[in-house]
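Enquirer: Chain by chain, the residues run as shown.
Protein chains: 2
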Amino acid sequence: MAVGLTFQPEILQAVPGVRLGVTEAGIRKANRRDLTVIALDPGSIAAGVFTQNRFCAAPVRVCREHLAATGGKVRALVINTGVANAGTGAQGLADARTTCAAVAEALGVTATEVLPFSTGVILEPLPIAKVLAGIPDAVATLSPTGWAHAAEAIMTTDTVPKAASRTVTLSDGSTVTLTGISKGAGMIRPNMATMLGFIATDARVDPHWLEALVREVADESFNAITVDGDTSTNDSFVVIATQRTGPLLRGNATCTDSRRFREALLALAQWLAQAIVRDGEGATKFVAVSVTGGKDRGECRQVGYAVAQSPLVKTALFASDPNLGRILAAIGYAGIADLDVTGVRVWLANAEEETLVAEQGGRAASYQEADGVRIMKADALTIRIDLGRGDAAATVWTCDFSYDYVKINAEYRS
Amino acid sequence: MAVGLTFQPEILQAVPGVRLGVTEAGIRKANRRDLTVIALDPGSIAAGVFTQNRFCAAPVRVCREHLAATGGKVRALVINTGVANAGTGAQGLADARTTCAAVAEALGVTATEVLPFSTGVILEPLPIAKVLAGIPDAVATLSPTGWAHAAEAIMTTDTVPKAASRTVTLSDGSTVTLTGISKGAGMIRPNMATMLGFIATDARVDPHWLEALVREVADESFNAITVDGDTSTNDSFVVIATQRTGPLLRGNATCTDSRRFREALLALAQWLAQAIVRDGEGATKFVAVSVTGGKDRGECRQVGYAVAQSPLVKTALFASDPNLGRILAAIGYAGIADLDVTGVRVWLANAEEETLVAEQGGRAASYQEADGVRIMKADALTIRIDLGRGDAAATVWTCDFSYDYVKINAEYRS
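Residue numbers (the working numbering), protein chains in the order written: chain A, 15 to 428; chain B, 15 to 428.
Honestly, I wouldn't trust all of these hints.
Said to hold, decoys possible - Chain B regions said to be covered by chain A (calculated; three or more residues, Cβ under 8 Å):
| # | stretch |
| --- | --- |
| 1 | 128-140 |
| 2 | 320-328 |
| 3 | 368-378 |
Claimed, not checked - Label pairs and their in silico Cβ distance ranges:
| # | chain 1 | residue 1 | chain 2 | residue 2 | range |
| --- | --- | --- | --- | --- | --- |
| 4 | B | THR112 | A | ALA384 | 38 to 46 Å |
| 5 | B | ARG75 | A | VAL387 | 48 to 56 Å |
| 6 | B | THR173 | A | GLU425 | 24 to 32 Å |
What the hints assert, rightly or not - Subject to a maximum C-alpha distance of 27 Å in a straight line, what follows is the list of computed DSSO-like cross-link-like pairs (lysine-lysine):
| # | chain 1 | residue 1 | chain 2 | residue 2 |
| --- | --- | --- | --- | --- |
| 7 | A | LYS421 | B | LYS421 |
| 8 | B | LYS144 | B | LYS43 |
| 9 | A | LYS87 | A | LYS43 |
| 10 | A | LYS421 | A | LYS309 |
| 11 | A | LYS43 | A | LYS421 |
| 12 | B | LYS43 | B | LYS421 |
| 13 | A | LYS391 | B | LYS391 |
| 14 | B | LYS391 | A | LYS421 |
Hints listed in this document are in silico derivations from the structure and should not be mistaken for laboratory results.
A virtual CB, placed ideally from N, CA and C, is assigned to each residue, including glycine.
My request is simple: use the sequences and hints to build the entire structure.
Expert: This is the structure in structure tokens:
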């Protein structure tokens, strides 16, 4: 049950220079697409951010190596679901390299020009024979219109494929397209990037700016979500530019085209990141925790994550019970040692209305329990927190914690 | 459903100099004991540690003030359940002081000699009239044998009262008694102390040593447990010494009596802290996460808490599913930036057997899924982690994450 999220394959736009193919390789389950190849035309570049988990997956290590070796000039991505190829030691690394070599051979490129990605169960070996057998089938289906199939083929416990497109018309009259897909529903507390997120554009983007841009955008999208606070071993977010269309975008502060491209990329990344939360395991509510008035962005994020990850806040959200003292408790333990709680104000809002819940270290005099009850019935909520000590702000997106979260995660492997 | 925890009121021993009384004050629910007064004979001293939550409750602030004002020479404790008196601003502080004054008047002591404690719902005003009306009734029932009633009267979502006694025979032939009670089942991730824990002894303990001792003992007991990772606004752990019996204990390194007293106090505090985890909301398993081989105790605790608080690890424990990659993921994101994962080893154990699960960055060659399945069926488990980089160690105790945790916390106020 995803919150306000539907799959609209008909809106997805092809990106010149990008073709996608999928197949059923039988990696973990029969009769489901689980292997994706994305082929990029010559001249394309890519930049990525990856998990900071020390037990990072073998494909994450190989991605970092290959991006460094090629300076981002990659020609293909290969993605399997079912098995994460994490906690797999030396054999896992060898399997990731073998996968890249097989894709390279099928496409007539070199192995370092291929980036590998895996998602699924940790600590189990990648069934490499099945992956290798599937690669020619996936390559045989390569098509510019393969985005919808790819969005489906990278899912694990996701209930809805996540994909969207944006277009930007630039000053020279050209129109560039951005299309992206993402996956993830559990083990979601990205640290540098999400479970898996891919965005491609035909824009001409300076490679140095793309490197910086992918980090900036991740920080305000995939790095601002949480489902359960568990940082995955496989988080990867990659932006591809096939360099086909429009003026070269260098990211200069005065360049309107760069600004507009950045805005479209950020909007698309935020949509894809929020889609992961909307489809969070067992989610029945989509919640923004918006923190203002901090001394710096870091402490705003700290408070946002403390509230967004509190099991007590999340179960109260599930129950639509305005047990809002739990929010104060989470703000209080977020780690700001010199926080003056008398300066903190907390509001609860939905799309229609907002109410001040707490101020002066206690319940706001104007707060009525009936208002809290009514507002919390909505399936999209904002918890707004003003720390009252500065000008910085940050938002974290999350979902509630339901019976189904426990059910899904108690049964995941069976 | 508490894991391996029963209430044995018959084993509780009176502590000379300590009397306890309880009553039904109707603070939140009818027909339940919810107000406790503990009266201490002249000459008693107390030391406490309290929550680090910035939204700390009004009674916690008053406790700190009164302990400072009296140098620990306190004469009474007053504890209400039902309402936490946290997030209650200036009125909450006034209510806590009024409560102390009323207890002081009833006992013929001064208000600063009274320590107040509250537990229950945050952000709701303390019904001060009901508290004041109840105090004479509680005082009227004061008795040295009131420990069992007090253990019941401080419960909130606890399903089992938590109380135990220890005795130590000292070198002069005297025997000192230690009896303690605790409460807590949710919002448990104490930071300096637990929800509520009280231990009293008739031993003669030097006040300076008692101050140090309460911190040391809290660090290895109440500060080493987690149910849901939420640090409460009301955490308080207090040790009382009525100074009646035996030689003066100063805590000198060479003093056998001090060492034996410390061991008994630590054992009792650990029992009371572990009882909170065994009665953790919805708990079906009691789990020790034992981390060795760290560079310092801090990083061992960091890893222990990352594993113990991971919702994915906790739901796998609930399901008795050895989805052990989730443990590796939690170790990997625990925040040790230079952790070499090839040096990490992980074992799974119950009372009967232990199996090596992971080493060299991946699954141990000897590990058999059937072993993991069999071991995980026990209701008491140890996850043993060797970081392979030093000599420090720490243990964190936790429970699993079940449907009932969500149910209890979605329904708590109703």
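Enquirer: Could you check the structure against the hints above and give me the numbers of any it violates, in ascending order?
Expert: 4, 5, 9, 10, 13
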